[in-house]
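Protein sequence lines correspond, in order, to chains A and B.
Note that the working numbering gives residue 145 to position 145 of the first sequence, counting from 1, and the numbers run on in steps of one.
Note that the working numbering gives residue 12 to position 12 of the second sequence, counting from 1, and the numbers run on in steps of one.
Read the hints as simulated data drawn from the structure, not as lab findings.
Be aware that one or more of the hints could be misleading.
A pair holds if it fits inside one copy or across any two, identical chains being indistinguishable in the list.
[Unchecked claim] Calculated pairs, DSS-like style, for lysine-lysine (alpha carbon to alpha carbon, straight line, at most 27 Å):
#1 Lys74 - Lys96
#2 Lys259 - Lys21
#3 Lys21 - Lys218
#4 Lys259 - Lys295
#5 Lys74 - Lys21
#6 Lys218 - Lys230
#7 Lys74 - Lys104
#8 Lys74 - Lys259
#9 Lys96 - Lys288
#10 Lys242 - Lys259
#11 Lys21 - Lys221
#12 Lys104 - Lys194
#13 Lys56 - Lys295
#14 Lys104 - Lys221
#15 Lys295 - Lys21
#16 Lys221 - Lys288
#17 Lys96 - Lys221
#18 Lys288 - Lys74
#19 Lys259 - Lys193
Only a predicted model underlies this, so the values are computations on that prediction, with no experimental measurement involved.
There are 2 protein chains.
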Amino acid sequence: MANEAMQSAYQTYLNELFEAKLLIPSGVQGVYGRSGAFENVVSRFEDYVTRMGADKNPEVVRFPPIFNRAHYAKIDHIRNFPDLMGSVHSFIGDTKQHADMLHKFESDEDWSCCLTPSETMMIPAACYPLYPTAADTTLPAGGRTVDLEAYVFRHEPSIDPARMQIFRQREYVRLGTPDEALEHRNYWLECAKKMLESVGLAVTAVLADDPFFGRGAKIMKATQREQDLKYELVVPICSEEKPTAVTSCNYHLDSFGSKFSIRTADGETAHTACIGFGLERIALALFKTHGFDTKSCLHRFEKFWR
Amino acid sequence: MANEAMQSAYQTYLNELFEAKLLIPSGVQGVYGRSGAFENVVSRFEDYVTRMGADKNPEVVRFPPIFNRAHYAKIDHIRNFPDLMGSVHSFIGDTKQHADMLHKFESDEDWSCCLTPSETMMIPAACYPLYPTAADTTLPAGGRTVDLEAYVFRHEPSIDPARMQIFRQREYVRLGTPDEALEHRNYWLECAKKMLESVGLAVTAVLADDPFFGRGAKIMKATQREQDLKYELVVPICSEEKPTAVTSCNYHLDSFGSKFSIRTADGETAHTACIGFGLERIALALFKTHGFDTKSCLHRFEKFWR
Chain A
1 MANEAMQSAY QTYLNELFEA KLLIPSGVQG VYGRSGAFEN VVSRFEDYVT
51 RMGADKNPEV VRFPPIFNRA HYAKIDHIRN FPDLMGSVHS FIGDTKQHAD
101 MLHKFESDED WSCCLTPSET MMIPAACYPL YPTAADTTLP AGGRTVDLEA
151 YVFRHEPSID PARMQIFRQR EYVRLGTPDE ALEHRNYWLE CAKKMLESVG
201 LAVTAVLADD PFFGRGAKIM KATQREQDLK YELVVPICSE EKPTAVTSCN
251 YHLDSFGSKF SIRTADGETA HTACIGFGLE RIALALFKTH GFDTKSCLHR
301 FEKFWR
Chain B
1 MANEAMQSAY QTYLNELFEA KLLIPSGVQG VYGRSGAFEN VVSRFEDYVT
51 RMGADKNPEV VRFPPIFNRA HYAKIDHIRN FPDLMGSVHS FIGDTKQHAD
101 MLHKFESDED WSCCLTPSET MMIPAACYPL YPTAADTTLP AGGRTVDLEA
151 YVFRHEPSID PARMQIFRQR EYVRLGTPDE ALEHRNYWLE CAKKMLESVG
201 LAVTAVLADD PFFGRGAKIM KATQREQDLK YELVVPICSE EKPTAVTSCN
251 YHLDSFGSKF SIRTADGETA HTACIGFGLE RIALALFKTH GFDTKSCLHR
301 FEKFWR
């Protein structure tokens, strides 16, 4: 599909989602309200994820959509994905400074210069706030498995309904030995593929890379592929030729373990891996595949959510 | 309680919550992870809210934690509560500008000056993103009732565990005639009081005001009180003398209706009202009142969540 045809396919599907009132426009690309029907599909798919992960006895942890700026500074995001970041800024001035800011605001000048970076950043992935909480710890024998869900932020305004600026990831994260981490990544790659197929999605597993920024991007991507670190499960949503990643399975080597001094029971630097289900994208793939009658869709796959 | 004793009571309860692993510290005051046990209590209370609101047949809508900056600019928040805002800033530069930012970052200089205000702001209340989506519409006869839940942001770092920077509000919003809006506010003030009492909380309804900023604050607060607009349901958490607002019932007059040109079926400017349950505060009040054994707490009040 040529780029123009693609843009038109995105716009068409987005309009359909608005008309079906599954998504609610906000005037900002990639920032939408979700209807109750949309949320039901997300919740039922989450139930399925919970059921399929239950035998691993994961610790359940939920983080809010912002995290410690000092932790952000440790994860190389500013180097690798600066164009996607969200930095939270606040006003900490007095009444005089407030008057100055209001004057700028009312004169349609840039008032953001009156703000100060706060203690927090938007979280770029559901598992990023987790690793700092494990900093300077030794994992129990057998490592840890953690169940996460959070709203994550990526500054990439787009008319592709599946490319949201703010969306939810449901994750299972493993912290442990290299073998434990890699086994987790591989197990969930298989399991998630079967799950997505079972609800009627035409899913393919592909070796993938992250959208690194700038001049070093090409080498970073090539290295990531050579090391066999990232797989995505892709499904056609608006295009057969350019399917959308709805789930991502990642082996981080000792990247987080070494940044946050997380050790395994035998004293080695911990390795980590995660699977992340892109909940909005999965819902959008289900609607595209099975239509907008969410009740019938939920009913059809009832046995999986239960 | 003197201020010093209060601070110490906050710190004690916060430490207890960390030790019980109900909250997980992040190194930033008011930004915490939540355990599965914590989330279970929140979910069950939400079930209770859903059940109690079911006869009103509310539209269910969920907004993400950020919303359109242009909508933020219309709601007077920058005038009244500038100190609480969260503005999302992003990097939109090229590789040269990225190198400059990285140089600042690595030299421990302020790199935030390399960022640009993005299209979005953190949402300060769960219902703020709703009104713009109703802009320039005429409500159906009988108005609208909307069920919302969202993570909201308030920049007020504090060691009071109940004063979080990022927390969830569950709301029922009414858009309609003055009578419909006021009836909604009063109905839910009564209903929520009974709900909170039914789960064993020592709740009191009090006339309240919002934390307006600056020189005009005193008058704004007095006016709000004179007009009988805001009630809070307060419960002692860390202090009997300074109980915590866990639920807020607000009548906005035609404030949002006029800002966003929302009309009633008979052509008048719509009035709005909302009830907002502070979900984290309710959970913290339940733990303080009934102890940290969340299973026993959930079991004890089972009939309400069902």
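> Failing hints, ascending?
Replying inline: When the structure is compared with the hints, numbers 3, 4, 9, 10, 11, 12, 16, 18 and 19 turn out to be violated.
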